[in-house]
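Peer 1: Build the full structure now, drawing on both the sequences and the hints.
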Amino acid sequence: MTAHQSTKAQLEMNETIIVLFIVFIILIISIFFYYQYSISNVKKTGEETLTTSSSVLLSSIGSLPDISCNKENCIDTIKLLAFINQNKDYPIFDKKTITIEQVYPQPKLDKICTPILYNDVNFPTNCKKFILHKNQGSNPKIISTPISLYYPQNKQYGIGKLIIEVY
Amino acid sequence: MKKGISDIPFKWIFSAFVGVIIIAFFVRFAYQHVDTSNKLNTRQMIFSLDDQLNALSTSQQSNKYIDIKQELTLDCDNLNSLDFTKSTEKIIFAPPLLKNEKIEAWTLSWEFPFEIANLYYLSNKNIRYLLIYDSNSFNYVKNLQIPKIFNYQLMDIKNLDQNTIQRSSSTLQQVNLIFFTQPKTIKLKGPNVNTVVVDFKNKDITIKNKHYIYLNEPLLYGAIFAPESYDCLYKKSLDQLGLISNIYSQKSYYLLMKINEPLCRSKLIEAKNTLDTFKTLRDIKLYEYESKLEAQNKELLKNDCPSIY
Chain A
1 MTAHQSTKAQ
11 LEMNETIIVL
21 FIVFIILIIS
31 IFFYYQYSIS
41 NVKKTGEETL
51 TTSSSVLLSS
61 IGSLPDISCN
71 KENCIDTIKL
81 LAFINQNKDY
91 PIFDKKTITI
101 EQVYPQPKLD
111 KICTPILYND
121 VNFPTNCKKF
131 ILHKNQGSNP
141 KIISTPISLY
151 YPQNKQYGIG
161 KLIIEVY
Chain B
168 MKKGISDIPF
178 KWIFSAFVGV
188 IIIAFFVRFA
198 YQHVDTSNKL
208 NTRQMIFSLD
218 DQLNALSTSQ
228 QSNKYIDIKQ
238 ELTLDCDNLN
248 SLDFTKSTEK
258 IIFAPPLLKN
268 EKIEAWTLSW
278 EFPFEIANLY
288 YLSNKNIRYL
298 LIYDSNSFNY
308 VKNLQIPKIF
318 NYQLMDIKNL
328 DQNTIQRSSS
338 TLQQVNLIFF
348 TQPKTIKLKG
358 PNVNTVVVDF
368 KNKDITIKNK
378 HYIYLNEPLL
388 YGAIFAPESY
398 DCLYKKSLDQ
408 LGLISNIYSQ
418 KSYYLLMKIN
428 EPLCRSKLIE
438 AKNTLDTFKT
448 LRDIKLYEYE
458 SKLEAQNKEL
468 LKNDCPSIY
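For the protein sequence lines, the chains are A and B, in the order given. Letter by letter, the first sequence follows residues 1 to 167 of the numbering used here. Letter by letter, the second sequence follows residues 168 to 476 of the numbering used here.
In short, the hints are calculated from the structure, not lab data. Don't be surprised by glycine CBs; every beta carbon is placed ideally from N, CA and C. Among the clues, some could well be false.
Claimed, not checked - Covered by chain B, per the in silico footprint, the following chain A stretches (three or more residues, Cβ under 8 Å):
1) 12 to 20
2) 35 to 45
3) 51 to 59
4) 64 to 78
5) 81 to 94
6) 114 to 123
Peer 2: Here is the structure:
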């Protein structure tokens, strides 16, 4: 083998390494984009699942025996106060802030309803909302639906808004 | 000269080495991709199942088929599939393993005397329920309201024959024998056999020699659908009964803050006292207090007072 052949072999070797290097770079770039695409798909699926779950929760929360009127499609406000007082943490409330706002009778004060405010003669107009579950976070997705509220102490019905903030 | 000769094998070794790395990389990538897809499908399936059960709970009683893509295992507080576990507050009576593509789901509101919870029942066609009666229990068994989507049959104890059951159930995963009469021992080759004995007159359910109080039909259905995990689910149901009773007890306390009429106050105090005992009970006295609560609630309504429920 001559010196000329040896140089040719070395050149071929360098060529192979360069081709491989370029192939690797192309592969890495394509996999990077593929992963980005997959991650965004997974995130999108996660968000869709969370939205569906929250919408289902929005329609089913009113039938929770813990807070609903017995055999009626409404929320019993006194049961609601009792439930909040129990601090019961259900897995379905996870990563959500769940609030029930009074719309009618129109509240005069923007306060959170508590047993102390309930005991006041001005209840239910002396407070605005019942907080069923609180979760801290940023940029929540908010969904809401109107609900019927029942005030057993004077056997009257009102209108409220069930709000779910999903984090 | 020697350098030139060693160049070719080196090139082959180098190419093979790089080839192995590339193939290994792709194989690992493929495995990871399959793994991620499976994990994603599992999570989607569990969330979808939970959502569908939530949607079912909006009615007092409903049933439907639900598609599942993977094996589902259930314990008292969790829904599991592959590596994923989702905890649930729902009371789900189901066999420990569900592996059909299609499962049957049913929900029923449990009232005692007020609404306690929606109970859920899951099963599939591989699980058979035989409700065995005698002349004394026939009417009771005939009137049970199990939806037709489930694989269950009524059978007279006189017709109970091990060989017949063996022939018709050999390919099944499980057979639950529910005796509304004196039980007989049945051993089958193939499917698991669970035996439940129901003495509805004495309000007693026996599973593996352990006695439970029969607390209305929804819990009896629980024993039929999940004898393996009934012990835990029965406790969970009683805990929920305690929790809801406590909410009603607090409700009566809050009502007392607002009501000035003496008759209503005395009736509410009576009901609150009953509720305070009721929420702690775990024995047959539950029936006595249930009737008492029902009567007290009627009295409140009759006297135009705010009712407990």
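Peer 1: Taking the hints in turn, state whether each one holds.
Peer 2: We went through each hint and held it up to the structure:
{"no.": "1", "hint": "12 to 20", "result": "holds (count 4)"}
{"no.": "2", "hint": "35 to 45", "result": "holds (count 3)"}
{"no.": "3", "hint": "51 to 59", "result": "holds (count 5)"}
{"no.": "4", "hint": "64 to 78", "result": "holds (count 7)"}
{"no.": "5", "hint": "81 to 94", "result": "holds (count 9)"}
{"no.": "6", "hint": "114 to 123", "result": "holds (count 3)"}
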